[in-house]
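Asks: Fit chain to chain and form the complex, with the hints in mind.
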Amino acid sequence: MIYLDNAATSFPKPKETIDLLNEFVLNIGGNPGRSGHTLSLDAARFIFEARERLAALIHAGDSERIIFTQNGTESLNLAILGFLKENDHVITTSFEHNSVMRPLTFLAKEKRVSVSVAQCAHNGKLDVKDIKKLIRKDTKAVVVNHGSNVIGAVQPVGEIKKTIGEIPIIVDACQTAGSFPVNVAEDNIDILCCSCHKGLYGIQGLGAIYIRNGVDLTPLKFGGTGSRSESIEQPLFLPDKYESGTPNTPGIAALLGGLRFIERTGIEAIIRRKQDLRQSIVSSLSDIPGILLYGDNDDRKQLPVISFNIKGKLPSEVGYELNKREIYTRVGLHCAPVAHRTIGTFPEGTVRVAPGYFTTEEEIAIFIQAVREITKIS
Amino acid sequence: MTYFLLFFTIHDVLRAEKALKGHHVDMELVPVPRNLSSDCGMCIKLRGDLDGVKPYINGIEMDKCVSYDGKEYRTIGGR
Ligand SMILES: Cc1ncc(COP(=O)(O)O)c(C=O)c1O
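Just so you know, the sequences run in chain order A and B. Going by the working numbering, the first residue of the first sequence is number 1, and it counts up by one from there. Going by the working numbering, the first residue of the second sequence is number 1, and it counts up by one from there.
Okay, chain B solo, but in the shape it has when bound (with noise of 0.2 Å):
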């Protein structure tokens, strides 16, 4: 599974970043797939195991965590 992780501001794309770069965390920065949002920022995609990097950006307060399966985007949380 992919995970798309959008935040409120580029700050907190960058911290979430730094965040889970710190625990060797695969990811990367890319633009937010237009059909998730209108901003014209960036977000992080990630595969794998979600849950198990949760907790590495607790503090940080997500705009929107979108999964996708190759098909089918879906919102499963954020504010």
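Bound-form chain A, shown alone (with noise of 0.2 Å):
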């Protein structure tokens, strides 16, 4: 079996990621921060150890400024709704995940928000520019993709935030954070969303959003925190204002696994990995006569996320292809139909490779096989 769908979500998973669920399952179990006893402080250490750890990872100075979420979609929601009011005008790429998408069409629709949308060219690079010349009086905020799903493009969101200036930027770092460097204290991001299950090695069923000191979001949720039980009214203090109701403690123990073994591995020596093996899946698709290619394929420092098609194929019929040999990628739109839109492969999409840290180059090299027989296949 070669999983190659590690921008879905990574698999497997460290063995730290594991023996720490592990340990919070069978020994800990408790409730964070809601009762006095000790197995209930217990849960909370873990939260505020992994709080701490990705805090640091993305440079966020104060952990508390980290809130925890069901994905990167809540993230990107708590982020949209809850920033967004009614008349404002908000801009926007062409290279976005529908967890951007949706949500600023449902403003659009429900709230009479207007959405510009810059375009990127088709492999996948943005003209800050472009963003600059759609800005308003009237322009709330700027959400853009900082590392995209479908073809490991990797936006300058310092950049673009030198550019906008006091406008705030909301950057979905969904595939970058683990991946790539994030740093929102040297980019000046106001706020940030990720997925803990993808290059933060945590588990399913986890996302986290940084929200800079004096950003004020509405909350999705209200409800209990464990803390001013006395009063009716959502507390005002983080991270509880945004994290209300029981926690995903054990995905959130899963991630300081996940954290630890990041630093144990080395950020500088991760990226390092995915990019080397980004190049090597590149480079040998590219020598496959009938492959077509998307993206810009000199830049190194991208994600990597391939994605390809075989001339004359539908990628699902590769993809079904590659599932016979045990071979697991993903095909399809990736929730993502105006990036597939901008790179030209709108309906169809794509075949996506994603190798992730513990891919080999073995397996590389027993994919690239089953593509140069599958483009045999008449």
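These are calculated hints, taken from the structure and not from any lab test. Among these hints, one or two may not hold up.
Label pairs and their calculated CB-CB ranges [stated by the list, open to error]: (1) B:Leu50 with A:His37: 18 to 28 Å; (2) B:Asp26 with A:Asn31: 51 to 61 Å; (3) B:Thr2 with A:Arg136: 54 to 64 Å; (4) A:Asp299 with B:Leu50: 48 to 58 Å; (5) B:Pro31 with A:Gly245: 39 to 49 Å; (6) B:Leu50 with A:Lys85: 36 to 46 Å; (7) B:Thr2 with A:Gly245: 33 to 43 Å; (8) B:Asp26 with A:Ser116: 14 to 24 Å; (9) A:Val215 with B:Asp26: 36 to 46 Å; (10) B:Asp69 with A:Phe106: 50 to 60 Å; (11) B:Thr75 with A:Thr38: 20 to 30 Å; (12) A:His37 with B:Tyr73: 19 to 29 Å.
Beyond 10 Å from chain A on every Cβ pair, some chain B residues (computed) [as the list claims (entries may be wrong)]: (13) Thr2; (14) Phe4; (15) Leu20; (16) Val25; (17) Met27; (18) Leu46; (19) Lys64; (20) Tyr68; (21) Asp69; (22) Gly70; (23) Lys71; (24) Arg74; (25) Gly78.
Note that CB positions come from ideal geometry on N, CA and C, so glycine has one too.
Replies: Shown next as structure tokens:
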């Protein structure tokens, strides 16, 4: 079995992830911050440590600015629905995932929010000037994909923020967190949304959001926080303001394991490995006759997410053949129809190959051989 | 003298604990005494020199700081 779908969720997980998940479920199990007993407190400690380490990884400074959510999608919904108000103007790009496009479309329909889309080139490159041109007096935010889940292109979020100045930037870092340098301090990011089950090596059912000090969002959820229990009003302090209800503590324990793995291995080493894997796949694929490769494949500083097609074949057929050989990729539109329109592959989509840190050269060789065979099937 | 330091969130309680432990301050996490707050959470209990340890937790906003001399609780700080 060869798993090449790490952009959907990483697999396998590091040993640390499984160990901490086990440790929590077997020996801790308490509801964090709710009750005064040791197991409740120990559960809160897992969350505290995960928050601290995630804050350190993305250079967030104060870890109370990190909020845990259910997934990257919930983080983006909190950012977009919680920040934009009726009649606001917002700028986004033609490379966004539906977890950005759908909340924006909802706001456009229901709250008369006007949405301008900066067009990226078909290789994924965004000209920062194109964002600047769209700025209006009533522009309230710019929502940008940091790393594409279709072709792995990375956008210069720091440069974009410099260009837009005071206008808040909301960054979709679901693909980049753990796979590319993310630095909210240096890049002056206002809101950053992550999945915790991809490059951060947690398990499914966890996301996170960084909210800069001074940025205020309307929570998506209201309820019990274990704090200020005498009051029926939602607390105003972080992280409790945005974290009502029993959290996914087993998932957060697993994330803590993932973050320990990243620290032990070194984020630079992980990024280097992933870029090497990308390079290796891209150069092998481009040697195969009949392969259509998308994106800018001279740029090494991208994510290990590669899209291709075989001339004359539907991506679904190719995916089917790969699956028969126990090679797992993802075909279709990858929840990003606008990105596929931009690269010119809508509506069929592409075959997406997403290796992970644990992918080996042998696995890539088997995959490449399989693609060669599939191109010859008539 | 015994002191109870109450914070707004369990996150801040743990942050203060980490800071104090980093300076080897003798302290304990205890359930918030019911007479001090209706919160269901934890707070920090320490003995001795409050002024000496305060600088370690300067950046963390305290809800309440309460002294206890064995007889009487007195709020001496916080918001
Ligand atoms: C670019 C991008 N944004 C958002 C998401 C949504 O993240 P999640 O699956 O954690 O909700 C994903 C992953 O599916 C993604 O790749």
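Asks: Could you work out which earlier hints the structure fails to respect and list their numbers in ascending sequence?
Replies: 2, 5, 8
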